[in-house]
Amino acid sequence: MGLVLDHDQALLRNTATDFARQRLPVTNLRRLRDTRDATGFDREVWAEMAGLGWTGMLIPDSLGGNGFGYFGLGLVFEALGRTLAASPLHSTVALSGTALSLVGDAPRAHELLRAIAAGETVVAFAHEEHARHRPWSIATTARRDGDGWVLDGHKRFVADGHVADALVVVARTGGGREDADGLSLFVVDASASGVTRGRLSLADSRNHADVELANVRVPRSALLGAEGGAGAVLERVLDVSRILLAAEMFGMAQQAFETTLDYLKQRQQFGAPIGSFQALQHRAVQMYTEIELSRSVLYEALTALDEGRWDDVPRLASVCKACLNDTLHLVSNEAVQMHGGIGMTDQVDVGLYLKRARVAEATLGTSAFHRERYADLQRF
Amino acid sequence: MSELDRFRAEVREWIAANYPPSMLSPLGLDSPDTPWGGRKTRYANPDVKAWMERVAAKGWVTPEWQPEHGGAGLSPEHARVLREELAAARCRPAAISFGLMMLAPVLHEFASEEQRRRFLPPIARGEIRWCQGYSEPGAGSDLAGLKTRAEDLGDHYLVNGQKIWTSYADQADWIFCLVRTNTESKHGGISFLLIDMSTPGIEVRPIQLISGKSPFCEVFLTDVRVPKENLVGKPGEGWKIAKRLLQHERASISTHLQTGLGGSPTGRSLADLAKASAGERDGRIADAHLRDAVARHEMKSEAIALTLRRVQEESGRHGPSAASSITKSLGAQHNKDKHELMVEILGLAGVGWEGEPFTTEELEVCRQWLRSKGNSIEGGTSEIQTNIVAKQVLGLPG
Numbered sequence: 014m015g016l017v018l019d020h021d022q023a024l025l026r027n028t029a030t031d032f033a034r035q036r037l038p039v040t041n042l043r044r045l046r047d048t049r050d051a052t053g054f055d056r057e058v059w060a061e062m063a064g065l066g067w068t069g070m071l072i073p074d075s076l077g078g079n080g081f082g083y084f085g086l087g088l089v090f091e092a093l094g095r096t097l098a099a100s101p102l103h104s105t106v107a108l109s110g111t112a113l114s115l116v117g118d119a120p121r122a123h124e125l126l127r128a129i130a131a132g133e134t135v136v137a138f139a140h141e142e143h144a145r146h147r148p149w150s151i152a153t154t155a156r157r158d159g160d161g162w163v164l165d166g167h168k169r170f171v172a173d174g175h176v177a178d179a180l181v182v183v184a185r186t187g188g189g190r191e192d193a194d195g196l197s198l199f200v201v202d203a204s205a206s207g208v209t210r211g212r213l214s215l216a217d218s219r220n221h222a223d224v225e226l227a228n229v230r231v232p233r234s235a236l237l238g239a240e241g242g243a244g245a246v247l248e249r250v251l252d253v254s255r256i257l258l259a260a261e262m263f264g265m266a267q268q269a270f271e272t273t274l275d276y277l278k279q280r281q282q283f284g285a286p287i288g289s290f291q292a293l294q295h296r297a298v299q300m301y302t303e304i305e306l307s308r309s310v311l312y313e314a315l316t317a318l319d320e321g322r323w324d325d326v327p328r329l330a331s332v333c334k335a336c337l338n339d340t341l342h343l344v345s346n347e348a349v350q351m352h353g354g355i356g357m358t359d360q361v362d363v364g365l366y367l368k369r370a371r372v373a374e375a376t377l378g379t380s381a382f383h384r385e386r387y388a389d390l391q392r393f
Numbered sequence: 002m003s004e005l006d007r008f009r010a011e012v013r014e015w016i017a018a019n020y021p022p023s024m025l026s027p028l029g030l031d032s033p034d035t036p037w038g039g040r041k042t043r044y045a046n047p048d049v050k051a052w053m054e055r056v057a058a059k060g061w062v063t064p065e066w067q068p069e070h071g072g073a074g075l076s077p078e079h080a081r082v083l084r085e086e087l088a089a090a091r092c093r094p095a096a097i098s099f100g101l102m103m104l105a106p107v108l109h110e111f112a113s114e115e116q117r118r119r120f121l122p123p124i125a126r127g128e129i130r131w132c133q134g135y136s137e138p139g140a141g142s143d144l145a146g147l148k149t150r151a152e153d154l155g156d157h158y159l160v161n162g163q164k165i166w167t168s169y170a171d172q173a174d175w176i177f178c179l180v181r182t183n184t185e186s187k188h189g190g191i192s193f194l195l196i197d198m199s200t201p202g203i204e205v206r207p208i209q210l211i212s213g214k215s216p217f218c219e220v221f222l223t224d225v226r227v228p229k230e231n232l233v234g235k236p237g238e239g240w241k242i243a244k245r246l247l248q249h250e251r252a253s254i255s256t257h258l259q260t261g262l263g264g265s266p267t268g269r270s271l272a273d274l275a276k277a278s279a280g281e282r283d284g285r286i287a288d289a290h291l292r293d294a295v296a297r298h299e300m301k302s303e304a305i306a307l308t309l310r311r312v313q314e315e316s317g318r319h320g321p322s323a324a325s326s327i328t329k330s331l332g333a334q335h336n337k338d339k340h341e342l343m344v345e346i347l348g349l350a351g352v353g354w355e356g357e358p359f360t361t362e363e364l365e366v367c368r369q370w371l372r373s374k375g376n377s378i379e380g381g382t383s384e385i386q387t388n389i390v391a392k393q394v395l396g397l398p399g
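In the order they appear, the protein sequences are chains A and B.
All residue numbers for the first sequence refer to this note's numbering, where the first residue is 14 and numbers rise by one.
All residue numbers for the second sequence refer to this note's numbering, where the first residue is 2 and numbers rise by one.
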């Protein structure tokens, strides 16, 4: 496997791109936003996505998936990013699905993975507790209570948290407030007593929620994996999800760039297309350059996941997320500016890309976070 | 044993018998032992010349060329075996020259068979060193605006004009030159002429750069008589040849791309340089800003290295990759950024010009920092490269 798509991969990307354009075009997101749709995604289309096998790409055949792998799923995210498609694919498959796959032979995890592959359930990953990405700063606690556990805490910015059927919760069973040690994973039914969920309205019009856990009792079987040993699992869940979020961002960056390039060729001022002006041409080439760098790091990161190069994955995940953050930041800003006044209106789509861009940039680590992490990993 | 295996064994044996032990260390960048060839070049290590001659005698500098052109007429498979064995034995290249990298490809494509037999063998043997007479004081980015005149006087051309930024003109034996044979047509009036540097009327003056001494020269041509058989292609075909040659030049500039990805002039990583200069706290660079800047640079290095690899993979599968159009300016900018960062890391020691108490590394950082400014100018400025990408890759008008 390399940095260039082979025949099957190119085919998958084309299928996914066609699907996104036909079934989840940007107008779909506008409709969800304008009707204040309570679900925040289209359940019928979600079932079609499962029918295409997309929810089972990281799940083995034995659990009802197809094991197509990370690169394939990355191409799906890239296609969905192009149309700002709202779906629970990232929360359910990337975050929760990876966590459930990594916790060993827990019957509850297998049950959920089967349901995810079949497209029958939405599972949210209840992890972050701050507006800024601080993966180890977990105050939510789980304490033993008779045969089970009791969870208390406040999870914030949980993607699809208000519509999920189940939550995978990161809770502290030991260790200090900022430690990677002492974290445990629990699965909690969304309908469990003591769970309060409230939708958050962010600029991107996508699904985010606050989740309160107040004296939530769960059975012993709710603990996934070893007590206090979720740190390594969490690190890998986050890296997989960073790379797959970067894939969505890559699709967004390409679409916003291509839309802008078309506009430069078509918009006339001073009797000429504005794309004939050198000041704009050079900025367009700058965007193109950043997109090509992003393509290389994203495809390498996805390849490393499929090849199981777990020593490289943390570093590549940080390079990849930081690179896509910076590329999308540049492209989303330039897209608005180069569209001029019309770019400031809700009528054209570039503003929607700008809004989703900033949410995605702050999710799972800003560029500064990942530079800091890269330096730590490289021991400088 | 297959024929190829026999050849491999033969090559291996020959290398063991002929490779000078004094050349076992890798060739450094800008080393005085760079095997440029030619009559005037002097090497710190005399074995460089001996190795060049031994390889050339076998025709192995250019193994795939025909024997009458100075090659060995090897099949691509045999040539690959030869290169693999030379690489496995860590042999330095026998010859590196503008003749090999730039002129030879266009001679193969555009020259007459008579010219090929005359000019290619001395290139293949490293006997004649070439320089490139392209830029002029009034023709930089607008190269086709060149004015050096070659007047047709029947059996010879009379050449008058001036070339600038001619790398190693003071070391070269011959120059391949763009000249104007017709003043009516800008692009169509340019011709490609080969000129012996020892011809009366040629004067070479080295140029001092902001970084100190440099390989660049000015070349003045005053009533230089050049035989007409030294014209490559037809009169007026020079621009077509020049453009093809620039493609080969840009491919060879890829060394700059690699330079930006590496460490300090003495091979230290930027992180180690920063730890030494700004101090270290718990294994980290003590200065938080420098730590962030080094991380930013190294992450970009990874992205560029991966992009170069992807360009190679794409070229292998689908022909020239669109992304290759951005690698030259990208590499130039990254190398400039690396040198700015090293100067910042070293503080005032990074702008030490010469002498005590500065280390070789510090002095080299300063000189190479200044030299790196030329990366985005030479071989086509980044602005011109960007214009080309805007039009040819992005399809923007104008």
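Honestly, the hints are just simulated from the structure, not real lab data.
It cannot be assumed that every hint is accurate.
[What the hints assert, rightly or not] Stretches of chain B that chain A covers, calculated by requiring three or more beta carbons in the stretch to come under 8 Å of a beta carbon on chain A:
hint, segment
1, 92 to 105
2, 281 to 287
3, 368 to 378
4, 382 to 390
[Said to hold, decoys possible] Restraint-style ranges between C-beta atoms, simulated for each label pair:
hint, chain 1, residue 1, chain 2, residue 2, range
5, A, Leu-18, B, Asn-183, 31 to 39 Å
6, B, Glu-110, A, Gln-282, 41 to 49 Å
7, A, Leu-390, B, Ala-323, 55 to 63 Å
8, A, Ser-150, B, Pro-33, 52 to 60 Å
9, B, Ser-212, A, Thr-28, 50 to 58 Å
10, B, Ser-32, A, Thr-28, 47 to 55 Å
11, A, Arg-56, B, Pro-398, 41 to 49 Å
12, B, Asn-161, A, Asp-19, 37 to 45 Å
13, A, Trp-323, B, Ser-316, 25 to 33 Å
14, B, Gly-139, A, Thr-28, 54 to 62 Å
15, B, Asn-161, A, Leu-18, 30 to 38 Å
16, B, Ser-316, A, Gly-189, 46 to 54 Å
All C-beta atoms in this analysis are idealised placements derived from N, C-alpha and C, irrespective of residue type, glycine included.
Here's how the hints hold up against the structure:
no.	hint	verdict
1	92 to 105	violated (count 0)
2	281 to 287	holds (count 3)
3	368 to 378	violated (count 0)
4	382 to 390	holds (count 4)
5	A:Leu-18 x B:Asn-183: 31 to 39 Å	violated, 48 Å
6	B:Glu-110 x A:Gln-282: 41 to 49 Å	holds, 44 Å
7	A:Leu-390 x B:Ala-323: 55 to 63 Å	violated, 32 Å
8	A:Ser-150 x B:Pro-33: 52 to 60 Å	holds, 57 Å
9	B:Ser-212 x A:Thr-28: 50 to 58 Å	holds, 55 Å
10	B:Ser-32 x A:Thr-28: 47 to 55 Å	holds, 53 Å
11	A:Arg-56 x B:Pro-398: 41 to 49 Å	holds, 45 Å
12	B:Asn-161 x A:Asp-19: 37 to 45 Å	violated, 58 Å
13	A:Trp-323 x B:Ser-316: 25 to 33 Å	holds, 31 Å
14	B:Gly-139 x A:Thr-28: 54 to 62 Å	holds, 56 Å
15	B:Asn-161 x A:Leu-18: 30 to 38 Å	violated, 55 Å
16	B:Ser-316 x A:Gly-189: 46 to 54 Å	holds, 53 Å
Checked against the numbered hints above, the structure violates hints 1, 3, 5, 7, 12 and 15; every other hint is satisfied.
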